Amino acid sequence: MRNSGAVLILTFIAKLISQAAGVSPPGKPRLTSCRSPEKETFTCWWEPGDDGGLPTTYALYYRLENSETVYECPDYRTAGENSCFFNKNDTSLWVNYNITVVATNALGKNISDPVEVDVVYIVQPNTPENVTAVVVHDDQGPFVRVSWEKPRTADTRSGWITLLYQLRVKQEKDKEWEEYDAGMQKYYNVFSLHPDKEYMVQVRCKPDHGFWSKWTQTTYVKMPNYIPRERSLWIMITIFSVFIVLILTWTLNVKRKSVKLCLLPPVPGPKIKGFDKQLLKSGKSEEVFNSLVIKGFPPTTDYVDLMVEYLEVYDNEEQELVLDGKDLSEDCMKSKSLSDSDSGRGSCDSRTLLLEKCMEGREGSGSDRHQYSQHGETSWASSESSESQGPEPGSPESTDGRVKTWPVVFSSPQPQPHHHYQNGAVKPAYHSVPEILSHLSPLATPSNYHQLPPQQEGRFSKPACRHSQSYNQFNLDGVNPPVPGVSQSHSLEYVEVQTVDPQNMLLLRPLSDPNREPEGSDYAGEDYSRVKEVTSNNILLLQREMSHQCMNDYNQDLDSQADQCTTQQPPHPCKPAIHQLNSGMPQEVMRVMGNGYVDSTVLMPTY
Amino acid sequence: MINIQAVKSANEHLLLSSYCPEVLQVCVAFVLCSPQAVTGSPVDCPDQDTAGTSCTISLEKLLERAVQHAELIYRVSEESKLLFDEMLISFGMNLHVPEGTMCAPKTVPVPMSKSEIQQISDKWILHSVLILAQFWIDPLVDVQTSLENYENAPSALVNRSKWMSSKLMSLEQGILVLSRQILGEGGLALEVPEETPERFVSSSSFETVRRDYSAIYCFRKDAHKMQTFLKLLKCRQIDKENCTFF
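Respectively, the protein sequence lines represent chains A and B. First residue of the first sequence? That's 83 in the numbering used here, and the numbers climb one at a time after it. First residue of the second sequence? That's -15 in the numbering used here, and the numbers climb one at a time after it.
There could be a bad hint or two in this list.
Stated by the list, open to error - Here are a few chain A residues that sit away from chain B, every Cβ distance over 12 Å (derived from the structure): (1) 96; (2) 130; (3) 136; (4) 186; (5) 226; (6) 260; (7) 274; (8) 275; (9) 304; (10) 321; (11) 328; (12) 583.
Claimed, not checked - Per label pair, the in silico range of CB-to-CB distance: (13) 152(A) x 140(B): 38 to 46 Å; (14) 222(B) x 132(A): 53 to 61 Å; (15) 266(A) x 66(B): 17 to 25 Å.
What the hints assert, rightly or not - Cβ-to-Cβ under 7 Å is the rule here; a few derived chain A residues that face chain B: (16) 122; (17) 170; (18) 173; (19) 174; (20) 175; (21) 176; (22) 202; (23) 240; (24) 241.
Think of the hints as simulated: they come from the structure by calculation, not from any bench. Keep in mind the model is a prediction, meaning the values are calculated, not measured. C-beta atoms are modelled at their ideal positions from N, C-alpha and C, and glycine is treated no differently.
Given only the sequences and the hints, what does the whole structure look like? Please build it.
Here it is, written out as structure tokens:
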């Protein structure tokens, strides 16, 4: 007991002393790797641990797989420091080696962890040898042929080891290597290297099952300065195309003018009569467009006359369908001065309207009569031609001797102060007429289109219905002094101009006549009225072949039927026949018909 | 006695396998897809007069094909081992190669080093290869059946084990043909294996796994042996001058 205790105490003191002195048993060594370069020998390296301050010795022991015999490393020197080399005799293949390293110093020893090694699987060959890189000149261009030899120790000839090779290439300045696998062959051709550059080449190898060897030393190769064929081809193509382009440019330059003419044909100037380009360029559009304005167009003065919209359709005395009351009132004021721009029916209607409405202001406006007559003449003249063709709305055409619906405008180019009527006159006229027509149809009073003697004017002063075209006077020869009597026929029937007789008499027939025939029908007698003359007020003076009684009847009828304005014709011979002048009617022959109803609507173009 | 038909089929097997390129994947795929891995079919001989006897393939080609066969088998075995390792990791088993006798020693000593191999004769090389091939046919079949019982065995592993067992049989047949050609008739004194290798009766799944792993592990080594032997043999037979190193 005392001894053991003494031993313990001594050991404890020894440890303390050793620790104070800095010595200790060695640290644990560690086997780092074992490698076989040719699968015939192998070497193991270890890493020593802390030596503990004392000289330490290392020993490597190994044991084969199937036996318990422990052997020590046969050769510590060949492979260098801290290594063990197994020569051929000591190397067994396909057998696991159990290897350990023991570190020993004065104070103790330490054993490393065991490592199982099978030589077959730790093969790492030496680097290939004699790496050469030469430039080979070829038709396609120069390339580099790299060749090498196997590591000396590897026995590939007998097939003991099968080596696979790999090489890599890069320029000095490149970061990445370009790697190529060469398989089992000992040469390789490297293409697509840039001319006039220096390249670095390295080679390594590996057994078919094992580790890669280290890379060989760098071999340098310099590419010659050559122009790749493709690049030279491209250069030639570029030069050729540039040449062609130059030639083309020069040719175009020479033929400048013709090319310009071809590519940019001159823009034709405006061919508007009266259009002055210089004025346009000067920037004064007003003047330019003013020059375009044809005097007298659009027919401003005659708008009043063309005011079909001023038709007043009366149902009864109280009712007044003022189509365009505003204009009408204005128009009344200026009715005197306005010529009857009559498109046939429209002017007739308007005339009646005007005359009727402006009864008050009528007196004393004789000065305008000339104008009226003048315009009316032409307007009536135009109305005749309306049979032949339907005049387009708003398309005044000057006619000479031909009757058109909008003739007057040009014939009397006096600037009229009634420009404002222009717009209003045209449009409502044509639109409202049908309404008027329908409205007027009930009115069958023959007195619509009668130009009553002025003395009878008063009778018509209170027309219930609007009358239209009561005053159509067709007289192509001349203008008779207008009968101021506004034969305000209260009936609202349209008359259809059927024929024009040689005496320039328009044969009319009532429009509302259901039995009317387009042409050729002889309504001699009661249905047709003979136009006697056209007054200055653009009133058609129709002849009454009937007896006075008819007239009276008419009057009576008119009065009695003031409310109706129906187209039903009272069954008496004096009944005016209203015929619509169809545009399709042959206009060569017009027969004078009985009563004096003229359907101015006939003259209107069918819209 | 050697069965002529078996020899013919062995030739054909070697023929088929020799067409495989060195690339393992393509080869394995081709081989695995080929339906005639195991069953034999008549061989198309260029110079065919009578059934069997005059149909010969040159020694060179035979050796070449044998070497390719062995190389392929070795690569597949290496892949199988890696797959098995992955599977073990996924199982959570840290199955380190146990110390001790993991790979059963063969009844016939097989050369262990190059120096030994240099000294042995061609006959001995052939003999060794044959022994190895015959030794491993049955264990591989066992491993294959055992792997199929696993829960999550990767199909690649199972396929490879199947392939290896079948190819090994072809190789065995090829070796027999080679020995006939090199050593002549009856040159190879076949030793019937005394007894079949002991079969493990696994008691637990762990033991089963361990057994399978050791089988693949050891087969990998032996496949490498076979490959090396056949390469040496090829060199000796074809290029006698350069192989005087041995």
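Now the hints, each set against the structure:
1. At roughly 36 Å, the least C-beta separation between residue 96(A) and chain B is larger than 12 Å, which holds for a residue marked as non-interface.
2. At roughly 25 Å, the least C-beta separation between residue 130(A) and chain B is larger than 12 Å, which holds for a residue marked as non-interface.
3. With a closest Cβ-Cβ approach of about 32 Å to chain B, residue 136(A) is found to remain outside the 12 Å limit, as its non-interface label requires.
4. With a least CB separation of 24 Å from chain B, residue 186(A) remains clear of the 12 Å interface cut-off, as annotated.
5. Remark: the non-interface label on residue 226(A) is consistent with the geometry, its nearest Cβ contact in chain B lying 26 Å away (cut-off 12 Å).
6. Every CB of chain B is more than 12 Å from the CB of residue 260(A) (nearest about 23 Å), matching its label as outside the interface.
7. Even its closest Cβ contact with chain B, about 26 Å, leaves residue 274(A) beyond 12 Å, as expected for a residue assigned away from the interface.
8. Every CB of chain B lies more than 12 Å from the CB of residue 275(A), the least distance being 29 Å, so the non-interface label holds.
9. Its beta-carbon lying about 35 Å from the closest one in chain B, residue 304(A) satisfies the requirement of being farther than 12 Å from that chain.
10. Its beta-carbon lying about 49 Å from the closest one in chain B, residue 321(A) satisfies the requirement of being farther than 12 Å from that chain.
11. Against the 12 Å criterion, residue 328(A) stays outside the reach of chain B, whose nearest CB is about 58 Å from its own CB.
12. The non-interface label for residue 583(A) is consistent with chain B: the shortest C-beta to C-beta separation is roughly 115 Å, beyond 12 Å.
13. Between residue 152(A) and residue 140(B) the CB atoms are about 40 Å apart, so this pair conforms to the stated range of 38 to 46 Å.
14. Between residue 222(B) and residue 132(A) the Cβ separation comes to about 56 Å, which falls inside the hinted range of 53 to 61 Å.
15. Under the hint 17 to 25 Å, the C-beta atoms of residue 266(A) and residue 66(B), about 24 Å apart, fit the expected range.
16. The beta carbon of residue 122(A) is positioned within 7 Å of a beta carbon in chain B (closest approach about 5 Å), and the interface hint is therefore held.
17. With a cut of 7 Å, the hint placing residue 170(A) at the interface with chain B holds, because the nearest CB-to-CB distance is about 5 Å.
18. The interface hint given for residue 173(A) holds, since its Cβ lies 6 Å from the closest Cβ of chain B, which is under the 7 Å cut-off.
19. Because the closest C-beta pair between residue 174(A) and chain B is about 4 Å apart, less than 7 Å, the hint holds.
20. Using the Cβ-Cβ criterion of 7 Å, the hint placing residue 175(A) at the interface with chain B is satisfied: the shortest such distance is roughly 6 Å.
21. Taking 7 Å as the C-beta contact cut-off toward chain B, the hint placing residue 176(A) at the interface holds, the least distance being around 5 Å.
22. The criterion of a C-beta within 7 Å of any C-beta in chain B is met by residue 202(A), whose closest approach is roughly 6 Å, and the hint holds.
23. The restraint placing residue 240(A) at the interface with chain B holds, with a minimum CB-CB distance near 5 Å, inside the 7 Å limit.
24. For residue 241(A), the suggested interface contact is upheld, since its CB lies about 3 Å from the closest CB of chain B, less than 7 Å.
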